[in-house]
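Letter by letter, the chains look like this.
There are 2 protein chains.
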Amino acid sequence: MSIPNTPDLASLIDAKKHREIKDIATNTKAIDLAEELEELGQEQRIILFRSLPKDAAADIFSHLSPDTQENLIELLTDPELAYIVEGLFLDDAVDFVEEMPANVVKRVLKNASEETRKQINQLLQYQEDSAGSIMTTEYVDLKEEMTVDDAFARIRKVGMDKETIYTCYVTDSVRVLGGVVTVKTLLLSQKTDKIGDIMTPGVICVNTGDDREKVAEIFQRYDLIALPVVDTERHLVGIITVDDAMEVLEEENTEDFHIMAAMEPSDEPYLSAGIFKLAKHRIMWLLVLMVSAFFTGGILTHYESLFSAFPALIAAIPMLMDTGGNAGSQSSTLIIRGMAIGELRLSDWFSIFWKELRVSLLVGSILGFINVVYKWCLSGDLTLALIVGASLCITVVFAKLIGCMLPLLAKRLRFDPALMAAPIVTTIVDACSLSVYFWIAGKVVGA
Amino acid sequence: MSIPNTPDLASLIDAKKHREIKDIATNTKAIDLAEELEELGQEQRIILFRSLPKDAAADIFSHLSPDTQENLIELLTDPELAYIVEGLFLDDAVDFVEEMPANVVKRVLKNASEETRKQINQLLQYQEDSAGSIMTTEYVDLKEEMTVDDAFARIRKVGMDKETIYTCYVTDSVRVLGGVVTVKTLLLSQKTDKIGDIMTPGVICVNTGDDREKVAEIFQRYDLIALPVVDTERHLVGIITVDDAMEVLEEENTEDFHIMAAMEPSDEPYLSAGIFKLAKHRIMWLLVLMVSAFFTGGILTHYESLFSAFPALIAAIPMLMDTGGNAGSQSSTLIIRGMAIGELRLSDWFSIFWKELRVSLLVGSILGFINVVYKWCLSGDLTLALIVGASLCITVVFAKLIGCMLPLLAKRLRFDPALMAAPIVTTIVDACSLSVYFWIAGKVVGA
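Sequence lines, in order, name chains A and B.
Per the working numbering, the first sequence starts with residue 35, numbered consecutively.
Per the working numbering, the second sequence starts with residue 35, numbered consecutively.
Since the hints were derived computationally from the structure, they do not count as laboratory data.
A couple of the hints might just be wrong.
As the list makes no split between identical chains, a pair holds if one copy fits it or if it spans any two.
Cut-off 27 angstroms, straight-line C-alpha distance, at most; resulting in silico cross-link-like pairs (DSS-like, lysine-lysine) [stated by the list, open to error]:
1) 314 / 144
2) 225 / 177
3) 218 / 196
4) 196 / 140
5) 196 / 228
6) 248 / 88
7) 152 / 88
8) 228 / 56
9) 177 / 152
10) 63 / 88
11) 63 / 177
12) 225 / 248
Use the sequences and the hints to build the structure in full.
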């Protein structure tokens, strides 16, 4: 791999080697330079930022952390700020405005052109996590009656500031989306061909209010590099580009990882999150699960006389609880993930149930048998060994069936299946497995 | 959203309405049509497939499941098969050849042109999960001495069959990669400009042997739509397109989900995987964790006299084990995911440790306090309540510190941090929490 290494910027800045700095700035990718900039002190930062080529400054600015952006804005003059705001892609400008405190936002909008201010305000109105919230209004639009030559002229005229020029959108006089035409098609057509004849009608598009998760799914399904966003009357209002879709995909995955580990999801970077916020995101679920576990404790209290008489029963509890939890979370993870990537559907529920039943019987029998041998060798008590082995086998079967059915049930009830992951499955399986264990033990030993 | 609905294809096929079928086939996206095709019976399938426009057939074929592909190939004549193979993008052809049994591969390669056969064989040699294994050799290459006009002529000539034409690669006489030029740049340049003057040198590229995970990271970091792949001498050998990078990203995420739930990762679809294979992927980890839990059981046996004398101690075991496990897996998930998306690094270990220590003290104290109140109200035994509350608080602190440090340790030792997720953390935390609990109880009650 060859991401270029930049020399020590800080020392170049201190030595006021402006030409070398400019050289580096020109030859380094925006995101790499943004990372370098984050590491610098406040004074060095503004010197570097001011020595950037003007068209690169906005790009680099969009890759900075909100803290650094805010800090930098305080040091910029109004005309400099205006230049940055106008240079940002609109979706980046909106992301940035969303993160800033009110007084900064006021200053930013004051320095934006009226047109930009209007567009930013409009984009800010879309609900979080909606297609509208991640789209940009910068795209190339064409008309059906244009020729290929007209289209190229238009792309050359407006293309410089657009996020993508490779997919152009064909709209009618009232901006209703009629078709798309790619630059590839334009290049392979005759100069005099009419756009209306070469465009692809029946465009795949999303509504402004659609969930961004759906957006990522469509990108993956149809291998797109841009996706148009329309309002309820099918007016074209914006586009989403593949880099944003990829970001959504990663954020949605992170959200699933967090939910599946019983946390409220958060897209705030770990290192900058305060400890009260981190604690808040974790404690609610821990509390709910803890209270549920009180109930499991109640089962043990119920059988107190049994294990008082046979204390050897106790030693198997951690093994039963852990194995049940692990077996259940394997199944729930497979099903949750399978549904998330569109491989499994609700209608597959019986195939899933039947498959998990057979797998769990197989796995449960093997683990149960190993337990019988181990316990028998260890304690010489075959009855105890058989009780533990049988309980484990039943536990594994229960765990896998609960683990695979709960996410499907959640989906059916329109909850997020990711909620039904390891932590909840484990808690439920624990109660089942201990009940089974002591019930069997009670029957055998009590008899 | 507007993915077009296709009418009932099966009945159209049975009614031999060839024109309607052709209409639908022309107006439906390849992947949607592939899904329809999967649902059809064998006879209908081949009828539909033969009525497809020739250039669409290969595209649709590449979206079919391996089973359907194999089944379809058996029904195709040699010339039909040759047409499909030549029509596939090379990376799709390789994916497909990799899934087929030997006799089918033989027939496929026999019907491919010599050039295609050579390229497929070459691509097959790259290691699984390497950049080489996901690249395609179909790209547009330009020379520095060409003009913009020459470049457009070349794109028009070779572009039709290339996966992307929007990024063109500039190579010298021995195919060493010298720069890239986008179609956007070409469009915004003068017709007589030299490619060497307008290209971007210092291209970001990967080596054939680099891990595909790295490929996905680079795509995300630099918002690319294509990435060149070079050999050790920097000869350009292929490109990877953003749709493949997105697929890699999803597969890598799925792998992490599976590993974090203590399963061997598998990219075989759940519904087509056999139960022995599913069981095999799960049992090894269950076994290892089960044997580890025997050890935890040993701790309980060690304290048998203690809980025989005070059986009320037992009731808190599930709550301690579950809460410890949940608290630990919250932390390990945050750290594993943070490292996976490049937000956390090994060098952050002390900030992480310090943050988790404070969060765990906060969360542990609150949960511990609630437990004291609950136990006290329930049993009226303040000593027991305090023992449980203190043990829980210590358990949560242990759990979060173990949970955050184990993935970092794994990373340091060059193991996959995802291995150090909930299942292992839970097992280790269980042993710690029960030891702490009975040790405290022993000290207090024994005194």
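My question is about residue 225 and residue 177: at a cut-off of 27 angstroms on alpha-carbon distance, are they close within one copy, between copies, both, or neither? Both ways: residue 225 and residue 177 sit 15 angstroms apart in one copy and 25 angstroms across, limit 27 angstroms.
Notebook entry, point to check: When no copy is named, should residue 225 and residue 248 be tagged within, between, both, or neither for a Cα gap of at most 27 angstroms?
Noted result: neither (37 angstroms within a copy, 41 angstroms between copies)
My question is about residue 196 and residue 228: at a cut-off of 27 angstroms on alpha-carbon distance, are they close within one copy, between copies, both, or neither?
For residue 196 and residue 228, both the intra-copy (23 angstroms) and inter-copy (24 angstroms) Cα distances are at most 27 angstroms.
I want to check one pair: residue 63 and residue 88. Are their C-alpha atoms no more than 27 angstroms apart within a copy, between two copies, both, or neither? within (14 angstroms within a copy, 43 angstroms between copies)
Tell me, please, which holds for residue 63 and residue 177 at an alpha-carbon limit of 27 angstroms: within, between, both or neither?
Close across copies (24 angstroms), not inside one copy (35 angstroms); limit 27 angstroms.
Under a CA distance limit of 27 angstroms, which applies to residue 177 and residue 152: within one copy, between copies, both, or neither? within (25 angstroms within a copy, 45 angstroms between copies)
Next on the checklist: Cα distance capped at 27 angstroms. Does residue 152 pair with residue 88 within a copy, between copies, both, or neither?
Outcome noted: within (24 angstroms within a copy, 48 angstroms between copies)
Measure nothing new, just compare the shortest in-copy and cross-copy C-alpha distances for residue 314 and residue 144 to 27 angstroms and report within, between, both or neither.
neither (36 angstroms within a copy, 63 angstroms between copies)
### Query
Checking residue 228 and residue 56: alpha-carbon separation at most 27 angstroms within a copy, between copies, both or neither?
For residue 228 and residue 56, only the inter-copy Cα distance (25 angstroms) is at most 27 angstroms; the intra-copy one is 45 angstroms.
Check: When no copy is named, should residue 196 and residue 140 be tagged within, between, both, or neither for a Cα gap of at most 27 angstroms?
Finding: within (26 angstroms within a copy, 48 angstroms between copies)
**Same-copy or cross-copy closeness of residue 218 to residue 196 [CA-CA at most 27 angstroms]** = both (17 angstroms within a copy, 10 angstroms between copies)
Exercise for the section: Classify it for me, residue 248 with residue 88: is the Cα-Cα distance of at most 27 angstroms met within a copy, between copies, both or neither? Expected result: For residue 248 and residue 88, the Cα distance exceeds 27 angstroms both inside one copy (37 angstroms) and across copies (31 angstroms).
In this structure, the earlier hints numbered 1, 6, 12 are contradicted, and the remaining ones agree with it.
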